[in-house]
Amino acid sequence: MAALLEIDGLSVDFAGSQRPIHALRDVRFSIERGRIVGLVGESGSGKSTLSLAILRLLAPSARIAAGTIRFEGVDLFALSEAALRALRGERIAMVFQDPMSTLNPVLSVGAQMIDVQFRRADLSRAEKRARAVAILKRVGIPDPERRIDDYPHQFSGGMRQRISIAMALMSRPDLLIADEPTTALDVTLEAQILDLLRDLRRDFAGAILLVSHHLGVVAEICDEVVVLYAGELVEQAPVAELFANPRHPYTRALLDCDPGRLAADAQSFPTIPGRLPDLGAPRTACVFVARCPLAFERCRAEAPALTTVGPGHRASCHLLDG
Amino acid sequence: MSAPTFEAEATPAPPRAAALRHLLADPLGRFGLALVLVFLLTAIFADAIAPYNPSAIAIPARLQAPSLTHLFGTDQLGRDVFSRVVLGARIALEVALVAISLALALGGAIGLAAGYGPRWLDAILVLVFDTVRSFPTIMFALALVTLIGPSLETVIVIVVATFAPSYGRIVRTQTQALKHAEFILAERSLGAGPARILAVHVVPNIVGPLFILASMDVPVVITIEAGLSFLGFGVRPPTPSWGTVLNDGYAFIGNTPWIILAGGLPLVLSTLGFTFLGEALRDAIDPRLRKEF
Chain A
1 MAALLEIDGL SVDFAGSQRP IHALRDVRFS IERGRIVGLV GESGSGKSTL
51 SLAILRLLAP SARIAAGTIR FEGVDLFALS EAALRALRGE RIAMVFQDPM
101 STLNPVLSVG AQMIDVQFRR ADLSRAEKRA RAVAILKRVG IPDPERRIDD
151 YPHQFSGGMR QRISIAMALM SRPDLLIADE PTTALDVTLE AQILDLLRDL
201 RRDFAGAILL VSHHLGVVAE ICDEVVVLYA GELVEQAPVA ELFANPRHPY
251 TRALLDCDPG RLAADAQSFP TIPGRLPDLG APRTACVFVA RCPLAFERCR
301 AEAPALTTVG PGHRASCHLL DG
Chain B
1 MSAPTFEAEA TPAPPRAAAL RHLLADPLGR FGLALVLVFL LTAIFADAIA
51 PYNPSAIAIP ARLQAPSLTH LFGTDQLGRD VFSRVVLGAR IALEVALVAI
101 SLALALGGAI GLAAGYGPRW LDAILVLVFD TVRSFPTIMF ALALVTLIGP
151 SLETVIVIVV ATFAPSYGRI VRTQTQALKH AEFILAERSL GAGPARILAV
201 HVVPNIVGPL FILASMDVPV VITIEAGLSF LGFGVRPPTP SWGTVLNDGY
251 AFIGNTPWII LAGGLPLVLS TLGFTFLGEA LRDAIDPRLR KEF
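In order, the protein sequence lines correspond to chains A and B.
75 is the number that this note's numbering gives to position 75 of the first sequence; each next residue is one higher, with no gaps.
21 is the number that this note's numbering gives to position 21 of the second sequence; each next residue is one higher, with no gaps.
Excised from the complex, chain A in its bound form (with noise of 0.2 angstroms):
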């Protein structure tokens, strides 16, 4: 069978003052029904970018320059945009990384919920209202049937996030993008959303593609890292072996970096000397070169193919061709 989402060699590129800016370059990489894939990456990287490529709202600014995403077999790039919206929210949907930002301040939290059920002809609003009533106490609002009149001002963060999960998994997706769905909360929220994220996995047994920089979450919740560095996929790997067994140099730099694995008595924090390279340079090098300690002479000649160095393990490296 035919693995949930397929991309097969995306690229996407940002209109730029003098030239294009290559956001992303020959991604590929595909979900399988069920499972947690983690995308990290630091700022700038493409993360945000590739999920909203999936659901194909990038900013008009963005051009699909090469590639597809397939999801169940179907090209998105070649569906009309009715058929678009069929599928977004329905059998794709997506959280955000914003709670504050992402419901409609001056409708009731019940009104969108209800809204949002548009497609349902069926129901009436009394059962549309009962819906989102349970599918909120579900995520964990306390108290849903009184709460549910009131607006999003009046909720928390957590709770507000809480909310956006509930909305995108209202009609039971089989895909959720979760666009950095922590990284506007604290610690102890973090884990509470990572935690109902996984319950919601075991419930509505849907793949989730959860976008985050911090190595911690995916750690915690994840099945399968991909690592991207500006724009390109460095390393993907199941999230034992990738932790046990990093390949690449900047997944290595990148685990150095993780606070939460820094030894008690460390001096000082860790961190990648230089930054992003040009993205509107044509690639003619290891896009990791100039912060790569172990760059040698081939690194600056040519890029480096992904290599499977193991079951579910890609990294495109040099060091790797042995």
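Errors might be hidden in some of the hints.
[To be verified] Sample of chain A residues at the chain B side, in silico, Cβ under 7 angstroms:
(1) MET94
(2) THR102
(3) ASP174
[Unchecked claim] Now the stretches of chain A that chain B is said to cover, found in silico as 3 or more residues with beta-carbon under 8 angstroms:
(4) 83-89
(5) 116-126
(6) 160-168
(7) 281-291
By construction, these hints were calculated from the structure, which means they are not laboratory data.
For glycine and all other residues, C-beta sits at the position ideal for the given N, C-alpha and C.
Dock chain B against the given chain A, drawing on the hints supplied.
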């Protein structure tokens, strides 16, 4: 900015009651509200209030001074000026309500299309707004009266053409600002189409400020109607309007000043009332000026 849940629950008054309290605490707001209420009640119950038929001509009783039988006297045709002023309030309110509602609907719809639609559509619609707006109201009125003749409908068309572009521009700007709001993106990610986004998410976010603006335009429209009627571009005689009352009185200003006073004072007072009320309302409802919202 956002209060934690328990604090929000501790605020007892719903926003509307708080706004009303705020409005009544402002003396100018109270004064404005009183004037506006008098105007509205007069307009609504004009038939019951007016003691005479405002168009009934009684030449022998012409140009009488104010008395108990004719509170504001009579005009050159012996018509009761008080009755004409009372019925004129109804015309003024009618024109203001109809014209502003039409201008809001038309300008709002075009503004939504310009703000949410593609860039080329926006460019065309903004050009149309600016072209229409660049005509001075009086020149536009003259041209229109020449074409279709003076009438109540002409006044309404002129007012709509004057105000629709301003409302359109406001709606367009607000829509553009909202278009890229994260909650709109979130709604789109859940499959909402443009019509749903506009009706359910954009419009409720902009109607509040728009209605306040429109209510502040009521006195302006009343003045425009009176002005056009005074110049003979608006309401045709014998229909009573404050503008035609002013026009009738204007010819006799030296001998019988009460006619022009009777037509002018309600105009001044209602304009004042609406302006005070509008400003007080704006202060009361604008969340930036109120902490508890």
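Status of each hint after checking the structure:
1. MET94: This hint holds: MET94/A lies near chain B, its Cβ roughly 4 angstroms from the closest one there, short of 7 angstroms.
2. THR102: Holds: closest Cβ of chain B sits about 4 angstroms from THR102/A, inside 7 angstroms.
3. ASP174: Check failed: Cβ of ASP174/A comes no nearer than 14 angstroms to chain B, outside 7 angstroms.
4. 83-89: The restraint on the stretch 83-89 of chain A holds, since 5 of its residues have a Cβ under 8 angstroms from chain B and three suffice.
5. 116-126: Held - the stretch 116-126 of chain A has 3 residues with a Cβ nearer than 8 angstroms to chain B, which meets the minimum of three.
6. 160-168: Result for this restraint: holds, n = 3.
7. 281-291: Since 0 is below three, the answer is violated.
Hints 3, 7 from the list above are not met by this structure, while the remaining hints are.
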